[in-house]
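Chemist: Here's the letter readout for the chains.
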Amino acid sequence: MIRTGLAPFDAVTRLVDRLTALMSALGTALILGVMALISVDVIGRFFFAHPIAGVPEMVAMSILAIVFLQVANTLAQGKLTRSDALLGALRNRSPRLGDALDALLHLAGMLLLGALVSAFYPQFLRSYGRGEMVGTVGQFLAPIWPVHGIVLLGAATMTLVFALRALALAIRAIRGAQA
Amino acid sequence: NGHPPIFLWVKHLTETFIPTVNAALEGTDYSIDWTEAYGGSLAAVGGELDAIEDGLAEVGVVPTVFLPTKLILQNVTYNTPFGPSDPQQVMDAMETLYATIPGMGESWNEYDAEYLGGGFALDNYLLMTNFPVNSIDDLAGHRIAAPGPAVNWLEGTGAVGVAGNLTTYYNDLQTGVFDGVIVFPTAAAPARLHEVAPYVTVTNFGAQSAGGVIANQTWLHDQPQEVQDALRAGAVAYQEAYIAEQSQRVAAAMATIAPDADHLTELSAEERQRWAAALPDIAGTWAAAADEAGLAGTEVLNAYVHALQEAGADLGRDWTMR
Amino acid sequence: MSGVEIGLWSLVGILGLIWLGMHVSIALALTSFVGIWALRDNPQYASRMLSLATRESISSYLFGVVPLFVLMGLVVSRADIGRDTFDVANRALGRLKGGLGMATVGANAIFAAITGISIASAAVFTKVAVPEMMRIGHTARFATGVVAGSSVLGMLIPPSLLLILYGIIAEQSVGLLFVAGIGPGIVLTVAYIVGIALMVRFWPSFTGTPQPAPEITYEGSLARDTASKLAPIAALIALVLGGIYGGVFTPTEAGAIGALGAIVIAAAKRRIGWRVLWQVTLETGHITASICFLIVAATMYSRFLSLSGLPGFVTEWAIAQDLGPTGFILLFCLILIVLGTILDSSSILLITLPLVLPIAEAMQINLIWFGIITVLAVEIGLLTPPLGLSVYVIKGSLDDPSITLGDVFKGALPFAAIMVLVLLLLIFLPGLSIGLL
Ligand code: NA
Ligand code: NA
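Chains as they are written, first to last, in our numbering: chain A, 1 to 179; chain B, 180 to 501; chain C, 502 to 938.
Quick caveat, the hints were computed from the structure, so don't treat them as lab data.
Everything numeric in this text was worked out from a predicted model, so none of it was measured.
Glycine included, C-beta positions come from ideal geometry on N, C-alpha and C.
Treat each hint with caution, since some may be false.
As the list claims (entries may be wrong) - Only part of the chain C face toward chain A is listed, based on derived beta-carbon distances under 8 Å:
{"no.": "1", "residue": "L516"}
{"no.": "2", "residue": "W520"}
{"no.": "3", "residue": "L531"}
{"no.": "4", "residue": "F750"}
{"no.": "5", "residue": "E754"}
{"no.": "6", "residue": "A760"}
{"no.": "7", "residue": "G786"}
{"no.": "8", "residue": "S791"}
For reference, chain A alone in the conformation it holds in the complex (with noise of 0.2 Å):
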């Protein structure tokens, strides 16, 4: 994380950073159930002429909350992929100047997930308003909202991970980093 020195300001970020990392133990989680679910399917279908039905859709649907559970957390450890060569240089040079750069692009980071949230909002709505499904009659049902509510809890988080990595590195550009 971010350290501003400003105990309650880093104090709400050490929240989050906990809500993320909880968020992604889930996710972790899921990667295992995946991994033993097609190997189950595999040796079902090849021993037991017995194969799972349900598979393609339960492992499509997983990967959209496995990935939307991590993300949050994979940017609050600044594991999200980036070129920071020009940063790095800026900072060396002067500290509060990479700073101010680091925030304004966190802030366009902010502003894009922003945008997404809202705009999957009413997508969410729609699918648990009408309980839809995937599957298919007879083989595999199973409804697609928990998974579209998770891509919105994930989104809204990396927002929020987005908004205060902004705000941290503002106050530190204007302070100056506390050792």
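Using the hints provided, position chains B and C with the ligands relative to the given structure of chain A.
Modeler: Chains B and C with the ligands in isolation, oriented as in the chain A frame:
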């Protein structure tokens, strides 16, 4: 539409639907400035209806086959296998349903969409395998891939039905993940499936209603009557052009996938009935599920089978019988 | 401004924002968002496109297995299976001049048969091979360069995440792509080994002067030790490749089976417990999220591009240039290498392929061969500054602050040059890749 234009149902959107609409609008005060987007450049396969509902597209071909849970009633054919092998009979019966049962059209309205017409059907599904098949007894223990709803067509036959996807059939047949696929000729030939599954069994699973030309309802109702009429006329021409080219393509495709008698088996009428009888009550389960969702499932099922019987179609099983 | 102009400006915008340090996925999606807004004069339209791309671009079986291929690579790297392979390769080649470097390349080639991502190879062999090479007198630059260079084998030799990605975008058989990757993988391995032999002899200022490698100590007989060290990786290779080509599972399902197999073997060797498994899976999740979020953004970008009409424009332009297939491929590879300096491999594929696949198809270029060339050209970017993922991973895995990022990049450069030579070889000798089909 999310498919590339090599597919007939996309091709005739450009080649028939749009020119017909434009021609119908000539001499009126209106014209349409078309922006075309196919092959996943706007929506992926299965995302077309969402794109229309969101207003990202005003008009599109929506393949209902990929939306079995959103457009339940439109998928009646997939739940009544061993129907007519002639796509024209299926399309006519579907038009009858649209004309007589309000629930058919209304089910589109829920997605802010309206059926313009131009319902199209895929050609007669058949079985392609890497082993000869003369009766359902030959299927025991073999793994057969099928598109989602068609997995039900293998229940009770002794074969292991696996949900599969056309894009990976070739590879998976080649390595032996599956021993066969349920597929229609005009898709099998370009995918060169006969190279890896040389035995073609004409099971006559039947042609399948697969989609239609759809418009965003809000947008459509904002259009002047002339434009609406032109769009519907375009959809009618679209259906005619589609079926004309399809029958040519089916003949060519059959010659490609089954070049000689050694590789072509027509399932006898008795065997076909035996297979159909071995299946669980697919149609009944489907209709009950649709009824429960507040749709006219049983009504559509009965009317569909009735329309086919009136047209003298060759049905492998009367799905109205419980 | 016309659609094509907006499309062209978007390229400038994306490169500029990435250079400034914006997250790559955000730069892609934001530029597309603004671009669609400009094209349609409607921000709501743009945000609904964003929502649709989010919902449908990664939600498929094929993307569902991405984390499993990553997991397999990471488990293998934690379970010291890479170290064992290195020991054995070292035993075979260690007495040659530069033999330790050659052993690294050879072990990486074998290791590549069970990992789908290059960063796993880079992480494993940094820990295993760099200290050994430096101990016998190689320079830090050469030692890290060897690891960086040979790490690209991880995504050239099947299974390969990049080949799967190409197969999805180009709608080509992943199985055929895998087969076509074997020949080029072997050619690149041999080219690296020859290159190391020449460098050690003629460029000692770069490689350092190695002493003979010390004998590796082992308990019991030589044969038994070799067998026990090779058994896990041989079993995994047999499981993954045997399963795919024996018809037990599909190339996409191989990720799950391979990951499970790696976990079982690692647990049997008592090299992984619940705690480590959890950490590794968590790391898998972060890598997956980063890659897939990028794919969502890139889908948005390619939809924006086709809305702008740029792809059609470029296609017509390229055909009008009358370059011919070879000229077109050479030009495309040059573009890929340039993009490779600043973008990561999957972004490059996702950005460029929608533009060039129609051209390649119109020129009747074999799309399997084209895929192998594309992937190799893109992988050169793993080694080039400023953004070279393999180099970043190596730097991150080193416990030695005295070796700078610049050192690793400089060490990797000769290996990037060898890649360019092999790339040209593949372009002029298509049989090397598609001869096996
Ligand atoms: Na590999
Ligand atoms: Na690079």
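Chemist: Next step is simple, just say for each hint if it's right about the structure.
Modeler: Now for the hints, and whether the structure bears them out:
Annotation: L516 (chain C) was flagged as interfacial toward chain A, and the flag is violated, the nearest CB pair being 10 Å apart, outside 8 Å. Evaluation of the W520 (chain C) hint against chain A yields a held restraint, the C-beta minimum of about 6 Å falling below 8 Å. Evaluation of the L531 (chain C) hint against chain A yields a held restraint, the C-beta minimum of about 5 Å falling below 8 Å. Checking F750 (chain C) against chain A by beta carbon gives a least distance of about 5 Å; that is within 8 Å, so the hint holds.
The criterion of a C-beta within 8 Å of any C-beta in chain A is met by E754 (chain C), whose closest approach is roughly 6 Å, and the hint holds. The beta carbon of A760 (chain C) comes within 5 Å of a beta carbon in chain A, closer than 8 Å, and the hint placing it at the interface holds. Using the Cβ-Cβ criterion of 8 Å, the hint placing G786 (chain C) at the interface with chain A is satisfied: the shortest such distance is roughly 4 Å. At a threshold of 8 Å, the smallest CB-CB gap from S791 (chain C) to chain A is about 5 Å, leaving the interface hint in force.
Taken one by one, the earlier hints fail for this structure only at number 1.
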